[in-house]
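Protein chains in written order, with my numbering: chain A, 38 to 312; chain B, 171 to 346.
It should be emphasised that the hints constitute simulated quantities derived from the structure, not laboratory data.
Hints are supplied without guarantee of correctness; some may be wrong.
[Stated by the list, open to error] Straight-line distance between alpha carbons at most 27 Å, and here's what the computed BS3-like set of lysine-lysine pairs gives:
id : chain 1 : residue 1 : chain 2 : residue 2
1  : A       : K287      : B       : K300
2  : A       : K304      : B       : K300
3  : A       : K228      : A       : K287
4  : B       : K300      : A       : K183
5  : A       : K236      : A       : K268
6  : A       : K287      : A       : K266
7  : A       : K266      : A       : K249
8  : A       : K236      : A       : K249
9  : A       : K228      : A       : K249
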Amino acid sequence: MNRRFPLVLVAILALVFLGTVTRGLLMNASWVGPVSAATKGSEGLRVSTPEADTTASLRVHEPVSSSTPATPVSQKATATPAAAAPAAQGPITVNGVADIDPAKAFGSKSAPVTMEIFSDFQCPACKQLFTTTTQRVMDNYVNSDKVYIVHRDFPLPMHAYSRMAASYSRAAAHIGKCEVVEQALFQNQEKWEANGDVKGTLAAVLTPADMKRVQALVDGRTLEPLIDKDKQLGQAIPVNQTPTTIIHTKDGQSYPVVGFVSYDVLKTLLDQLVK
Amino acid sequence: MQSAPFNYRRLIIWFGRLVLGGIFIYAGYSKIFAPNLLLHSLFSLKFSILANFSNFGNQVRSYQLLPEAGVYFVAHFLPPAEILLGLLLLVGWRLRVWASIVTLILVGFIAVVTRAYLLGLQIDCGCFGKPEPLTGWTVMRDSAFLVLAVLMTRFAFQEAREPHPWSAAPASEQPS
Numbered sequence: 038m039n040r041r042f043p044l045v046l047v048a049i050l051a052l053v054f055l056g057t058v059t060r061g062l063l064m065n066a067s068w069v070g071p072v073s074a075a076t077k078g079s080e081g082l083r084v085s086t087p088e089a090d091t092t093a094s095l096r097v098h099e100p101v102s103s104s105t106p107a108t109p110v111s112q113k114a115t116a117t118p119a120a121a122a123p124a125a126q127g128p129i130t131v132n133g134v135a136d137i138d139p140a141k142a143f144g145s146k147s148a149p150v151t152m153e154i155f156s157d158f159q160c161p162a163c164k165q166l167f168t169t170t171t172q173r174v175m176d177n178y179v180n181s182d183k184v185y186i187v188h189r190d191f192p193l194p195m196h197a198y199s200r201m202a203a204s205y206s207r208a209a210a211h212i213g214k215c216e217v218v219e220q221a222l223f224q225n226q227e228k229w230e231a232n233g234d235v236k237g238t239l240a241a242v243l244t245p246a247d248m249k250r251v252q253a254l255v256d257g258r259t260l261e262p263l264i265d266k267d268k269q270l271g272q273a274i275p276v277n278q279t280p281t282t283i284i285h286t287k288d289g290q291s292y293p294v295v296g297f298v299s300y301d302v303l304k305t306l307l308d309q310l311v312k
Numbered sequence: 171m172q173s174a175p176f177n178y179r180r181l182i183i184w185f186g187r188l189v190l191g192g193i194f195i196y197a198g199y200s201k202i203f204a205p206n207l208l209l210h211s212l213f214s215l216k217f218s219i220l221a222n223f224s225n226f227g228n229q230v231r232s233y234q235l236l237p238e239a240g241v242y243f244v245a246h247f248l249p250p251a252e253i254l255l256g257l258l259l260l261v262g263w264r265l266r267v268w269a270s271i272v273t274l275i276l277v278g279f280i281a282v283v284t285r286a287y288l289l290g291l292q293i294d295c296g297c298f299g300k301p302e303p304l305t306g307w308t309v310m311r312d313s314a315f316l317v318l319a320v321l322m323t324r325f326a327f328q329e330a331r332e333p334h335p336w337s338a339a340p341a342s343e344q345p346s
């Protein structure tokens with residue numbers, strides 16, 4: 038076997054070299070070219086002609102409520118949903134993306150890029166995407182009016198409490214507490230998925246008055262059709278796994294990104310698209 | 171010299187090479203080119219591959235075994251290595267070396283998959299590009315692959331030590 042040792046060593050080194058070269062080639066900036074047209078599977082995407090965005094930015098910069106526990110809330114992430122006010126606002130269309138619930142969308146409607154994120158509150162990869170990538174996109178792109186983020190609910194049947202979490206999250210979004218509640222649900226995912234205590238998770242970050250309003254909306258079931266609509270939109274794409282992010286540009290192009298994607302990788306695409 | 175006929179050892183070696191070679195190639199390919207594959211420009215292809223590495227890295231991270239640098243290394247190194255090893259198994263050159271490495275890698279896979287299963291981690295296996303919950307079936311399937319790899323490696327060494335008389339060099343050609 039001693040005679041074989043150098044060969045094995047060479048083989049291992051060759052594999053390491055191959056991996057390094059692969060990575061190096063992929064990260065070579067000279068490869069970056071212009072982004073052009075159609076994407077794989079785009080025929081299944083809802084790509085439409087971008088509409089003239091005549092609506093002024095509805096982004097509202099609202100200070101975090103003093104009654105809201107500040108710990109989980111990023112101080113920079115102050116972009117609140119366009120419909121923070123509970124007044125019922127119907128679905129809107131931005132960058133050709135229709136049926137957007139403004140209560141679950143963040144940023145400027147005139148942003149050059151719209152990110153549509155289909156996620157499930159009980160999916161670990163969705164948690165990872167939200168707590169790492171999405172938060173940084175919020176800080177660096179949404180707050181500078183470069184990206185408009187739309188959160189779509191896509192609760193999977195395999196997860197016992199994800200639909201309940203979606204219902205509570207939607208209700209919280211409609212009283213202007215979308216971000217704080219989404220953070221609480223994702224950051225405490227392991228806790229509430231063990232016992233189904235979604236309500237308790239929200240109660241820990243909302244005031245009793247807000248919690249009462251959320252509970253009334255959940256009990257009234259008036260927002261359930263919005264979750265069903267998101268689910269239908271996802272199935273039409275089709276979304277085969279969560280998270281799935283569809284990135285839309287103003288010129289009508291759509292880029293589906295399936296699964297978790299790190300901020301550094303997503304940044305390369307966003308930087309190309311927001312130019 | 172005449173080719174030796176199939177015996178059960180050679181049959182298992184051939185079967186192992188085809189099955190494990192194919193599976194390794196598919197596993198590596200699917201991690202690199204799935205679930206994202208945007209082909210309309212070099213930039214989009216590069217983005218897709220990096221996104222897939224990132225996605226696979228998240229699956230590696232979910233095993234809660236490696237530091238971030240280790241996750242990064244495995245996510246970028248393992249998929250191309252799987253393709254290369256699969257090809258080498260199919261080609262059959264230096265089979266004992268590559269079969270041994272494949273066996274060692276499968277031992278590693280079994281160890282981490284079994285650990286995650288016993289810990290009750292609700293995670294994706296990360297075995298192939300598509301999400302696949304880690305269950306007892308995953309452990310059994312990987313165990314079957316390992317048994318095949320061990321047999322293939324053992325028989326490959328045995329064949330080298332004890333070649334079939336038909337494929338052994340004639341006495342006149344053997345060094346005295």
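> Are there hints from earlier that the structure breaks, and if so, what are their numbers?
Replying inline: Going through the list in order, the structure violates hints 1, 3 and 4 and respects the others.
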